[in-house]
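*Asks:* Taken in sequence, the protein lines are chains B and S. The first sequence maps to residues 1 to 84 in this note's numbering. The second sequence maps to residues 1 to 562 in this note's numbering.
Note that these hints are calculated values from the structure, not bench results. Errors might be hidden in some of the hints.
[As the list claims (entries may be wrong)] Under the rule of at most 25 angstroms between Cα atoms (straight-line distance), these lysine to aspartate or glutamate pairs were calculated in the DMTMM-like manner:
| hint | chain 1 | residue 1 | chain 2 | residue 2 |
| --- | --- | --- | --- | --- |
| 1 | S | 139 | S | 324 |
| 2 | S | 319 | S | 472 |
| 3 | S | 139 | B | 79 |
| 4 | S | 319 | B | 79 |
| 5 | B | 22 | S | 472 |
| 6 | S | 319 | S | 403 |
| 7 | S | 319 | S | 138 |
| 8 | S | 319 | S | 330 |
| 9 | B | 18 | S | 330 |
| 10 | S | 319 | B | 83 |
| 11 | S | 367 | B | 35 |
| 12 | S | 402 | B | 79 |
| 13 | S | 367 | B | 47 |
| 14 | B | 18 | S | 472 |
| 15 | S | 178 | S | 368 |
| 16 | S | 319 | S | 89 |
Below are the chains, spelled out letter by letter.
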Amino acid sequence: MRDTRKTSPTLMKTLAGKDFRKLGLVVLAVLVLLDLAVAQHGYFGIDGTFGFAAWFGALSCFALILLALAVGSILRAPEGTYDD
Amino acid sequence: MTTSLFFSPATALLAGALALLFTTGIARKAVLLAFPLLALVLVWQVPTGSVTANYLGYALIPIRADDLALLFGAVFALAAFLGTLYALDRSSTLELTSALVYAAGALGVVYAGDWITLFVWWEVMAIASTIIVVCGGEKAHGPAFRYALIHFLGGVLLMAGIAGEIAMSGSATITSLKPDSWARWLILAGLLVNVGAPPFWAWVSDAYPASSWSGMVFLSVFTTKTAVYVLMRTFPGVEVLVWVGLVMAVYGIVYAALENDIRRLLAFAIVSQMGIKVAGVGIGTSLALNGVAAHSAAAIIYTALLVMVAGSVLRQTGKTRLNELSGLADAMPLTAFACMIGALAIAAFPLTSGFVSKSMIIEAAAKEHLAAAWILLMAVSAGAVLHAGLRLPWLLFFGAPKERLHVTDPPQAMRIAMALAAVLCVVVGIVPDGLYVMLPHPVAYVPYTASHILVQIQLLAFAALVVYLMRDWLQPQRGITLDLDWLYRRLGAWIARGFDDITDRGWTRLVSNLNGKAARLHELLLAYHGPTGTFGRTWPTGTMAFWTTFLLGAFLLIAAMG
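Chain B extracted, bound-state conformation (with noise of 0.2 angstroms):
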C-alpha cells in the first residue's frame, strides 16, 4: 500500500507552477505558428485561416462551458430527487 498524498500534490504544482505555464504558453504559441508553414486546406473559407483551429477550439469549448453552467443553473437537484 502507498500513500496517495506523495507524489499528487507535486504534479499539482508543477502544473499550476509558473514554469509549466510558460511551458504551456509557448507551446500553444508554436502551435498557432505552425499554421504558417503547414498549408491549410479549407472547404468554407474560415477554416483555411491562419490560427482557425486554435480560436474555434477555445471558443467552443468556452461557449459549451458556459451552456454547461446555465444548463446547471436550471436543473441541478440533489441527489435524492427521486427517492421517494
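Starting from the structure of chain B, add chain S where the hints point.
*Replies:* Chain S only, in chain B's frame:
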C-alpha cells in the same frame, strides 16, 4: 440452413452462455474466454452472401454477411472477449450468462437480413441487457424497470413499423429506406430509442451506472452500437438524423461536464459519441458512412476501456463520485494510464483510434458543405476535452487526494483487459489501414496529413486551455442534473396520481350515488310490496298455504288417475 447456422458466431456465444451454467472454477473461466474467442474466429468464417429460410410464409434471411457485418461482427466478438476477460472474477453467473446472450443478440442483429430475424434478436438483447442491469444490486431495480419499459416501448414501435412495412412492401428484407410512410417512421423511432436519441435518451445515464462494475462494460458496447449499425443499413442520408445526432452530441457534453458520478459521466459521453455517429448516418455519403463504421468500431473499444477504468475505480474504492475521489494515479497507476489512453482516444487525439475515425465524419460534413453541421461537429470535437477527455482523468487521478485510500490497481484479469483495450486504441490509431480495409466503402481517406494533425491538436490544446482557465467552475458538485426522464419519473407520476385521485373520487361518488338509489328503490318496494305495504297486505301467509295444499292435492289426483 442447419449447417449455415452452425457458422453463425451468435451460436458460439449462446453455447458459451449454456456452458457457463454448468461449470465452476477454472472451467468457468475457460468458458468465459473461449466462447467469445470462438465467436471471433467464426466471424471470419461466415461466407459473404446470405442464407435464406422460409418461416410462416415469410422469406427470412437469418444470415446476411458483407463487409459491414464482418466489421461489426468482429468488433462485437472482440468486445465480448474483452468484457468477459475483465469480468473473469465476477461471481454473478446470471450477469455473465446474460452478457453472453446479450452479445449473441448483438451478433444476431448484425447478421440479420430480414426484419423478423432482426426483431427476435433485438428483443433477446433487450431482455438480456435488462437482466445485466438488475444484477447491479437492489439499487438497480428501479433503473432496470425503467430500462425495460423504455426498451419494450422501443420494441413495440419497431414491431409495429416492421408489421406495417411488410404489409405495404410485401417483403421482410432489410433494405435502405426513406422515411416516407408511417411504418418507416415507426421503424426509425424504434431504432432511435436504442441509439439514445431524444426524448428517451435518459435511459442510458439512468440504467448503465446502476449496473455492476463489470455489467456496464457489456452494456456500453452493444445496444447503442447495434442500433447505429441498423440505422446505417436502413436510413443513410436521412437529413433529420444530422440534427438529432448533433443535439445528442451537445447534450452529452453539457451533461457530462456537470456530472459528479464517473459512470454517469461516461454514460453521457456515450450519448455524445453516439450523436456524432447518428449525424454521420444522416450525412449519408460513402465517406460519412465509412466514418460511422470506423468510429463505431473505435468507440466500442475506447468507451469499453473508459468504462473498465470507472469499473476498476468502483470495485477498488467502492466509490464513483468525483467529489469523493481524487489523486488515484499513484495508487492505481495502470488504471490511470489506461484512462489517459481512453481519454486521448475519445478526444480523437492523433495516434489514437478516435482520430482516424471521427475525422472522417467531420470531413464528410465539410465535403457536403453542411456548414452548420460541420461547425457543431468541430465544436463537440473540441468539447470532448470537457468530459472524458480531460475532466475525468484530471479529477479522478491527478488532483490532490481528498483522503488516504489504501487501494491498488484491480486484479490481473481486469488489468490485462484494460491493457489490451488500450493497446487496440493506439494500434488502430497508428496503423488505421487494418480498420480501413474492413469499411463498407472503398477508402480514399488519408488521416495523417500535416494539416489534419495540426488542426486537431490546435483544437484540443486550446479547448484544454479554456478548461484549465475555467477549472474552478468545473469542480464536481454533488447532485444530479434533471433530464427528460423527469417527464415520466415526476410529471408522469404526478399526472398518474392526479388521475388516480380523480378516478378514485369519481368512483366513490358513483358508488355512493348508486347505493343511495338502490336503497331508495328498496324502501319504495318495501313500502308497497312489503308485508305491511298496500299490495303486500293482500298476500297473507294463509292464502299461500291454501294454494300449495290445493296444488299438491291436484297433483296427487292427476297422478292417481294416470
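*Asks:* For every hint, state whether the structure bears it out.
*Replies:* Evaluated hints:
1. 139/S / 324/S: holds (20 angstroms)
2. 319/S / 472/S: holds (23 angstroms)
3. 139/S / 79/B: Holds: residue 139/S and residue 79/B sit about 14 angstroms apart, inside 25 angstroms.
4. 319/S / 79/B: At roughly 15 angstroms apart (the allowed maximum being 25 angstroms), residue 79/B and residue 319/S satisfy the hint.
5. 22/B / 472/S: Roughly 20 angstroms separates the two Cα atoms, so the pair holds.
6. 319/S / 403/S: Within the cut-off at roughly 12 angstroms; holds.
7. 319/S / 138/S: holds (17 angstroms)
8. 319/S / 330/S: holds (17 angstroms)
9. 18/B / 330/S: holds (24 angstroms)
10. 319/S / 83/B: Answer holds: residue 319/S to residue 83/B is near 20 angstroms, not above 25 angstroms.
11. 367/S / 35/B: Measuring from Cα to Cα gives roughly 21 angstroms; hence the hint holds.
12. 402/S / 79/B: holds (21 angstroms)
13. 367/S / 47/B: It holds: about 13 angstroms lies between the C-alpha atoms, which stays within 25 angstroms.
14. 18/B / 472/S: holds (18 angstroms)
15. 178/S / 368/S: Status holds; Cα separation ~20 angstroms.
16. 319/S / 89/S: Holds, at roughly 19 angstroms.
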